[in-house]
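Given these sequences and hints, build the entire structure.
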Amino acid sequence: MAGVGGGNDFQWCFSQVKGAIDEDVAEADIISTVEFNYSGDLLATGDKGGRVVIFQREQESKNRPHSRGEYNVYSTFQSHEPEFDYLKSLEIEEKINKIRWLPQQNAAHSLLSTNDKTIKLWKISERDKKAEGYNLKEEDGRLRDPFRITSLRVPVLQPMDLMVEASPRRIFANAHTYHINSISVNSDHETYLSADDLRINLWHLEITDRSFNIVDIKPANMEELTEVITAAECHPNQCNVFVYSSSKGTIRLCDMRAAALCDRHTKFFEEPEDPSSRSFFSEIISSISDVKFSHSGRYMMTRDYLSVKVWDLNMENRPVETYQVHEYLRSKLCSLYENDCIFDKFECCWNGTDSAIMTGSYNNFFRMFDRNTRRDITLEASRESSKPRGILKPRKVCTGGKRKKDEISVDSLDFNKKILHTAWHPKENVIAVAATNNLYIFQDKMN
Amino acid sequence: MEFKVEAHRIMSISLGKIYNSRIQRGGIKLHKNLLVSLVLRSARQVYLNDYYQSVCLNAQQHWGTHEEVMDSDQPQSASEPAGYTATTPAAPAATAVSEPGLPAENTPPELTIDVESFTESHAAAPTEEEEEAAEADCTDSKEDKSSGSDCRRQRPSELKGDDAAPASSPTAIPMAEHLVPDNQIGPEGEEAKPPQDEGGCGEADAVGGGDGDSVTETQLDNQLGASCSRKRRSSEKAPPPESPVKKTKRALSSTPTGEEEMDTANVSSLITIFGSSFSGLLSKDSTQAEAEAEDSERDSGAAQICCDQILKNLNPWTTAIVAF
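The listed protein sequences correspond, in order, to chains H and X. Residue numbers are given in the working numbering: position 319 of the first sequence equals residue 316, and the series is strictly consecutive. So the mapping is simple: the working numbering equals the position in the second sequence, first residue as 1, plus 7.
One or more hints might be untrue.
[Said to hold, decoys possible] In the DSSO-like style, the derived pairs of lysine-lysine whose C-alpha atoms are separated by at most 27 angstroms in a straight line are:
hint	chain 1	residue 1	chain 2	residue 2
1	H	K424	X	K36
2	H	K402	H	K390
3	H	K134	X	K36
4	X	K36	H	K414
5	H	K329	H	K342
6	X	K36	H	K442
7	H	K414	H	K329
8	H	K245	H	K215
9	H	K329	H	K393
10	H	K45	X	K36
11	H	K442	H	K393
12	H	K402	H	K15
13	H	K15	H	K390
14	X	K36	H	K245
15	H	K415	X	K36
16	H	K85	H	K264
17	H	K15	H	K415
18	H	K402	H	K342
19	X	K36	H	K329
20	H	K15	H	K117
21	H	K15	H	K342
22	H	K399	H	K329
23	H	K390	X	K36
[As the list claims (entries may be wrong)] Here are the in silico distance ranges between beta carbons for each label pair:
hint	chain 1	residue 1	chain 2	residue 2	range
24	H	C331	X	I30	20 to 26 angstroms
25	H	S164	X	R16	32 to 38 angstroms
26	H	E24	X	R29	15 to 21 angstroms
27	X	R29	H	A105	40 to 46 angstroms
28	H	S273	X	I30	19 to 25 angstroms
29	H	A217	X	R29	21 to 27 angstroms
Rather than coming from a laboratory, the hints here were simulated on the basis of the structure. What you are looking at is a predicted structure, and each value in this text was computed from that prediction instead of being measured. No residue lacks a Cβ here, since even glycine has one placed at the ideal position from N, Cα and C.
Now the structure itself:
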């Protein structure tokens, strides 16, 4: 069975699932972001309760050479707490909107996590040794009576159980009036940008009390507001370039060398709207929910409600590829508007070689598109289809007419089970799919 | 026709979403509210287009008979702005006129300006939709009074399926009736309404009645909020205090829907607030806009912006926000 993401014999298998099996899902446990680090050994998730859980891949054991290492919990910490803005009488949610790993510079790992208003830089470090034999204090910490010390000794490092500590090293606060939707680390590894609905700020990782505003689309009169920023990302190679997407379905590429305030874009990407498909909800479904550069930096991908588009940075007037994720929902837009599903912000991701892209859908389905073969596949993240190393069976949605066996009709889709966040290992065919409060890890079948 | 019902439904759903967003955790989401307001605007355009087409059909039936009668009213109505507390400029009129899909050729600019002129204490704020309705109403005003009012009354009755009171704000009031059963705005709206009603009714009626009976019809056409309040008043107590208003009512021979109408002003405020916000079609003067811009620095959503406005400005939005 031809698959996506690799050769013709490629198939995806279930590897692990993390999270409670309980049917009753606590709101705080809902995963809100998933991100692999640069090496792929660490996988971070953030949830609505403000917690960050980091999984680490165990070393491939020599006993089972054909099995990739599993991801186990490495560290868990509370990144953000609910806050209250007394001035505006607004509650600030602790939900983690985005996590972005920083490149590793020493033994410790660092990541940025953000909620609606505050970005924090966390350092996750290991401690597997402790010093023993202090002169001035006992092992339990009590101070020794100085008069009782008769000799000096040098403290010795003794091994201890591995302890992973997470500490907030920087807190970047009070720079955003509106809700932060994106953060992106620059390729210079010194700066990063944060974007809210109307502004984008540029930060230095070491400086927390200042940030530069580089994009401001707030109109002088808020009544004239017609679009907001929905996502922003730094270019993977060129540290002076970044893009931001808007709720109108446009993407602007900006060059920070051109001006201090990048209100005037360098490139403007927009596909003309198809007038025949206009409806009440045309504007909503054209709003871009995610934008991601390819690893090469040549392409970028945008996700709107019904499709994924790949753009060549050299061509602004239309995307080079368009993939329909769930076109069968086009006739259901009114119902999706009523139940608020039309506002769901799906993310998308590239694989390590930029040959495939992945995005989520409803009913715990997620879709993968192979850019070379133009094949696509729909898979489901569910406990039922999760046998250890079991091959995932492709799913199909029946759009009309006679429903074949194993197909699911559009009306049977569970719109409460949505996959908004997915991540692809930067080097291997391992994917992490967040289904509400569960994290599924799938990998390719190693033949 | 189907479009109109669908548009109407979408509008009421949108308003419900905007209202609910105020109590959602994490503050008002600007992006979502912007999208909802865009949907609201699209639905409203479709709705009014449909309405205007049906009105035109009715208008053509009565055109020949009463045209000369109404022509004499035009000059008087043009002088009305002086009598009103004008709180909005003609700019919104211009923008409304240029709004796509709305035939503007029959709209005398003076009448459009009348739409904008609202009394301060009135519950319904001027917006494009009222301008549009006024434009639609303008053709009515050229005909027989009764036929015009029949047209207006037909609007809500088409939607509600009963003989509703004259709804000069076709989108506002029928939508409100859909919303009221949902009990989303009911309690708060009812609390806040009575004071506004009195003030609004009194002032609007006083101003409206001043120019006499012949233009009352036109005034009623143009003052959407005023007519709302008149309807409310009629539902609250039988005899309206002002004689011109009484005459208007008799001329309209309305059958108010009673308590349902009482809550609609708040909803019409909601619609006007969110219908005009984010759309680039200003319905307030620049000073108010500046105040908004300042406020919006502290706010993260449309409702907040409006709430802050009320603290700073005395304008039609005031009562709208209070209602909200």
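Evaluated hints:
no.	hint	verdict
1	H:K424 - X:K36	violated, 36 angstroms
2	H:K402 - H:K390	holds, 13 angstroms
3	H:K134 - X:K36	violated, 54 angstroms
4	X:K36 - H:K414	holds, 22 angstroms
5	H:K329 - H:K342	holds, 17 angstroms
6	X:K36 - H:K442	violated, 42 angstroms
7	H:K414 - H:K329	holds, 17 angstroms
8	H:K245 - H:K215	holds, 15 angstroms
9	H:K329 - H:K393	holds, 18 angstroms
10	H:K45 - X:K36	holds, 16 angstroms
11	H:K442 - H:K393	holds, 21 angstroms
12	H:K402 - H:K15	violated, 30 angstroms
13	H:K15 - H:K390	holds, 20 angstroms
14	X:K36 - H:K245	holds, 16 angstroms
15	H:K415 - X:K36	holds, 20 angstroms
16	H:K85 - H:K264	violated, 37 angstroms
17	H:K15 - H:K415	holds, 17 angstroms
18	H:K402 - H:K342	violated, 31 angstroms
19	X:K36 - H:K329	holds, 24 angstroms
20	H:K15 - H:K117	holds, 25 angstroms
21	H:K15 - H:K342	holds, 22 angstroms
22	H:K399 - H:K329	holds, 19 angstroms
23	H:K390 - X:K36	violated, 38 angstroms
24	H:C331 - X:I30: 20 to 26 angstroms	holds, 24 angstroms
25	H:S164 - X:R16: 32 to 38 angstroms	violated, 53 angstroms
26	H:E24 - X:R29: 15 to 21 angstroms	holds, 20 angstroms
27	X:R29 - H:A105: 40 to 46 angstroms	holds, 43 angstroms
28	H:S273 - X:I30: 19 to 25 angstroms	violated, 39 angstroms
29	H:A217 - X:R29: 21 to 27 angstroms	holds, 25 angstroms
The structure is inconsistent with the numbered hints 1, 3, 6, 12, 16, 18, 23, 25, 28, although it conforms to all the rest.
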